[in-house]
Amino acid sequence: MNQPTIEVLHGRHNHLIDPALHIWGWEIPVYLFLGGVVAGLLILSAALELVRGRKDASLPMRTAPFVALVLLSLGMVALFLDLEHKLYTFRFYLAFEPTSPMSWGSWILVLVYPVAFLLGMGSVPQETRVRLIGYPPFQKLKVSSWLMCVFGRADSLRRPLLWASVVSGAALGIYTGILLGALSARPQWDTAILGPLFLTSGLSTGAAFLLLLPLDDGERHKLVRWDLLAIGAELLLIAIMLIGFAAGDRAGQIALTNLTTGNWGGAFWVLVVLLGLGVPLVMDLLEVRRRLAPVFLAPLFVLIGGLSLRFIMLASGQASSFRMIQ
Amino acid sequence: MSKKTEPRYAMVVDTKLCVACKACVLACKSENDVPDGFCRDWLVEETRGVFPDLRAENRSERCNHCAHPPCVHACPTGASHVNEGGTVLVTHHKCTGCKACIGACPYDSRFVHPDGYVDKCTFCLHRVQRGKEPACVEVCPTFCLHFGDLNDPDSEVSKLLRTRKHKVLHPETGCEPNVYFLEGGPR
Amino acid sequence: MSGLTRRQFIQIGGAAAGTAAVGAGLTTNWFGADPDVVHDPGTEGDRVVPTFCELCFWKCGVLAHVKDGRVTKLTGNPAHPLSRGRLCPRGTGGIGLLYDPDRLKKPLIRKSKGGDQVFREVEWDAALDHVAENLLKIKDKYGPEAMALYSHGYGGSWFKHLLKAYGSGNIAAPSYAQCRGPREVGFQLTFGSGVGSPETTDMEHSRVITLIGSHLGENMHNTQVQDLARALDRGAELVVVDPRFSIAAGKARYWLPIKPGTDIALLLAWMHVIVNEGLYDHDYLARYAVGLDKLKESLKDRTPEWAFARTTIPPETIVETARFIAGAGPASLVHPGRHVTWYGDDTQRSRAIALLNALLGAWGRKGGFTLPSKVDLPSYPYTKYAHKPKAPPDMPKDTLYPLADSTLASGLCMASIPGTAAYDIKGWIVYGTNLIQSLPAPEQTMKAIQSLDFMVAVDVLPAEICGFADVVLPESTYLERCDEVHTPPYKEPFVAVRQPVVDPLYDSKPGWWIARELAHRIGLNDYFPWKDSVEYAMHRVKAGGFDCDELRLSGVALGKPTPVYIEDGLDPAFDTPSGKIELYSDTLEQAGFDPVPQYEPPEEPPPGQFRLLFGRSPAHTFGRTTNNRFLSEVVDGNEVWLNARVATEMGLKDGTNVVLINQDGVRSEPVPLKATQRIRPDCVYMVHGYGHDAKGLKFAKGRGASDSRLVTRYKVDPIMGGTGMNVNFVRVERWAS
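Chains as they are written, first to last, in the working numbering: chain U, 1 to 326; chain X, 1 to 187; chain Z, 1 to 737.
Please keep in mind that the hints were generated in silico from the structure rather than gathered at the bench. Everything numeric in this text was worked out from a predicted model, so none of it was measured. Possibly wrong hints are sitting among the right ones.
What the hints assert, rightly or not - Across the chosen pairs, the derived CB separations fall in these ranges: (1) X:176 to Z:305: 27 to 33 Å; (2) U:87 to Z:67: 56 to 62 Å; (3) Z:664 to U:248: 56 to 62 Å; (4) U:266 to X:35: 35 to 41 Å; (5) X:159 to Z:563: 31 to 37 Å; (6) U:50 to X:176: 32 to 38 Å; (7) Z:664 to U:81: 54 to 60 Å; (8) U:326 to X:35: 27 to 33 Å; (9) U:326 to X:176: 36 to 42 Å; (10) U:296 to X:33: 19 to 25 Å.
Unchecked claim - Okay, derived cross-link-like pairs now, EDC-like style, lysine to aspartate or glutamate, Cα gap no bigger than 16 Å in a straight line: (11) X:132 to Z:532; (12) X:165 to Z:233; (13) Z:67 to X:33; (14) X:159 to Z:571; (15) Z:701 to Z:102; (16) Z:580 to Z:125; (17) Z:653 to U:155; (18) Z:106 to Z:125; (19) X:132 to Z:571; (20) Z:509 to Z:532; (21) U:86 to U:216; (22) U:86 to X:33; (23) Z:698 to Z:649; (24) Z:139 to Z:636; (25) Z:366 to Z:571; (26) Z:164 to Z:526.
Yeah, the Cβ is synthetic: ideal placement off N, Cα and C, and Gly gets one too.
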């Protein structure tokens, strides 16, 4: 009955900080999720062409880079909404801080935009190009000559662009994880796995996003197999992360408990592991073995799982603190 | 003439003397015009044990001005920086309020000022540069706060750390805090 | 103002402000074009005005920084002996009082309006005329002595002077019979003088400090806490006797969680051990004391075993601590406490503490008690008071508290209920004291008020008491006025001045002006010949031989130091009948009391009830600062401490809202429970001053619970009339919203 106790009176009640950190709301997980999807789209669409050669792709595949730009912009709007001093956003681009993932991220975004744009331009079919260049207002405004130049560059640099797309996509995907992973002050985030985990999650959510669209059979065939690999890798990374926490010190224990049996345990197991990874894994396997016709369910689950992963990691990370270690 | 070494500012808090009165918190608030609802320094009162066998420790805590400040490393714009004597500061007009530094601080020492920048203890560097002590140190009615230069072996803080048993908070973070807590008894 | 800056100069690094520091990326500074900034919050004043504090009654020297006409911050005056450049939380928090949006802004007069009574804002002339008219009316009808003044605060001196000129001596403060009175009487009976305020304790040099229920550190008197910290830093040890694990207990070598109300038993047993083992200061007592044999005789049976059964402190602990305390004498101080009106036996408990100090040889010794002197300033010449006022009716009919040496605030309140005392009080001036919270049994206070012909309240904030007044006069805060000069007895005698820092806000007026204006209206002009309070103060300062200009610049001037210890050649005088320390008091015996304190068992709380104890928060002074929003940044409510095991047994969790119901069925406001290991299972504890219900206190209203409301019962000290208030028992119930 008389267990030794500790009473702590904490005389600080700072907004967003106490009693537990809650500096970030929905904006950041949404941004991280969209960033992941964009990374997946860029890598997958480029990789598909690298593997299959430049042949006629389906409309969704051809427009994927532009869709990626839209999603990325939505993500950046979310990020912008989170900033406390929006007028100073330009400050991101007056500095490069090599130790700050967020600084890397803002510069990676600068890289992703032209790459995705040029990648998308290179995929525009000939008849569309002709129509665009011939559009009278464009001709008047000298947009047409610019477009011709862009199309020319996009074609001549196609192969380097494909590789740039894979590399910048990978950088973006990893960065979304490192963004949290570098904040080792939060036991939940104090793991190097977050980078690769968010990248693989980005790949599978990117694939899932594409699989929801009308692809041709060849594309679908490849994407499902890659998706399978990504999901498998993700499960493996999650396992390694949990084992890492379990093998860790008090901070690791806090992180482990948080995700497995604590406040976020239920959501993590059901939404992320089971629904977001387990079920799609089985369904993908069945599809690969031709036991199951392609359905929308699996990709939808993957997307829900990917979004949940971001929300759960963000919330549980903010709630985990060295303060919990007395 | 030998070049003077760069100072390394530190604070030493004598938990044996602190009565958790919070004079330091209010002195800081009025000196630095800290907005309502926020504080840059705060009190932690810990009691361990079971009645009547109890032990207590009172700590006036604040930013640790770490030698390896993860907040500075996390800052994408260079607003968070290391200033004179290792003091970790935020340049208001460079701060976007992205809060990465807050997430990076294991001690939760930072907060978002209502004006949109991230705010924190400055060791009252604006006072120190005029030869004054930080406001919390100056006001403390128990003399439990000491401020000075650890690179000066004759400074009060250096002497205290040489002679008294002390600790830093959560050394496992590896940040190497520059706020030290003296415990009862000699080293 | 180089004299006002600090002692220790911190070396500034070679480079100037804004050094591009190591580690920060060069790109972010653009090679110096966009440098890092050390922001200056800009709170340093254009003007710095030295004055002294009024957030509590310690009167520390502060420096008020004024920028663009606003007080930006208050810091400790390094030259002032009571602050030594440092302040308690409240000292810094004066700005929260000055800029409190709930301040009284205009004079108010009670009016009838359609059957309801309301306050109407009036101009000063109308308000003062109305007060003057009533003062004259009461004088005509009942005589001047029917008017009473309750005063708590340094600005009260003007009103005391007014009332004496008017012809009444009925002036009281709750700081006597509701606070320090028994201590003063207990020490006077023993040493011939009290300990005063600031206390003459010399903790700074003590080797062992014993606190009996005193929670220094939470009870935050700046210099005392500084001295305590200095002592601890030098290695002094604490013995803390407290049912609660106070902050001080957390620093103690010995914490004795005594059963509430049994302190005398412990003190007697300690003295028993010290006397039996011959641990007392033989030479000191032989030279300065009388009655040792009689004391020894009466302590014969007061063994540690006897005390154990009463206090629950194990006998071996009593013996060990007695030896420990005695071992450090004479630099062993048994602190007399400050708020000591607990159980009605308080004078005798204080006397037991005094006796223990005498045995240790601590009175007049370094590390014990100093025998200080004060700076004597001639008074400002004014007309002598016309006649000697009638003796106060502050004791019920046929009752005498023979050794009361100051007027009882609670007694004057009782005398306002017709027929209870020698004569009736018919009018009150209430200056700066919220009698609803500061007197016990608030219902009784309200009943007394109903019988008055007239009542005027002079205050800064609309405390509960103002709601009962016929006229409310808004006084300026201490930062807006000049008051009487402060020259207390202290080991470093000094003169300190309070001076206006900024002009009065709103339509508030300083106390000296209000008192003088009233005097003029009732024909007492001659008593207020000064131009204003500054002229008054400077006249006295100059007459005392001090340089006015210098004093106004520094806020304080030191007097000539005199020896304060016997060790330094001081020859102590004891103002007792025997001229010596009275270990056995004939005075008490002749008055029918125990000449040596005896133990009376306290009433036990009935099953399921707890003794209600209350105390202080370092950030607040009773209820008078709980509306201070700045101070509330660190403490904004109270909670009820209950032993954690008991709470678990009762199914109550830490943080749950509970109500307390006392033995008379009075319920408290809902208040959070603090389930803690830090208190005995037989009592509950709360910080005094919360639970305001005055609407005008917009911030404080509804915060926390009021202990005063639950103090419906009090036990009067038969020796001096103090009201022991720790005699109430409460049940703790979960609050059903």
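Taking the earlier hints as the rules, which of them does this structure contradict? Result: hints 1, 2, 6, 9, 10, 11, 14, 16, 17, 19, 21, 22, 23 and 24 break, sorted rising.
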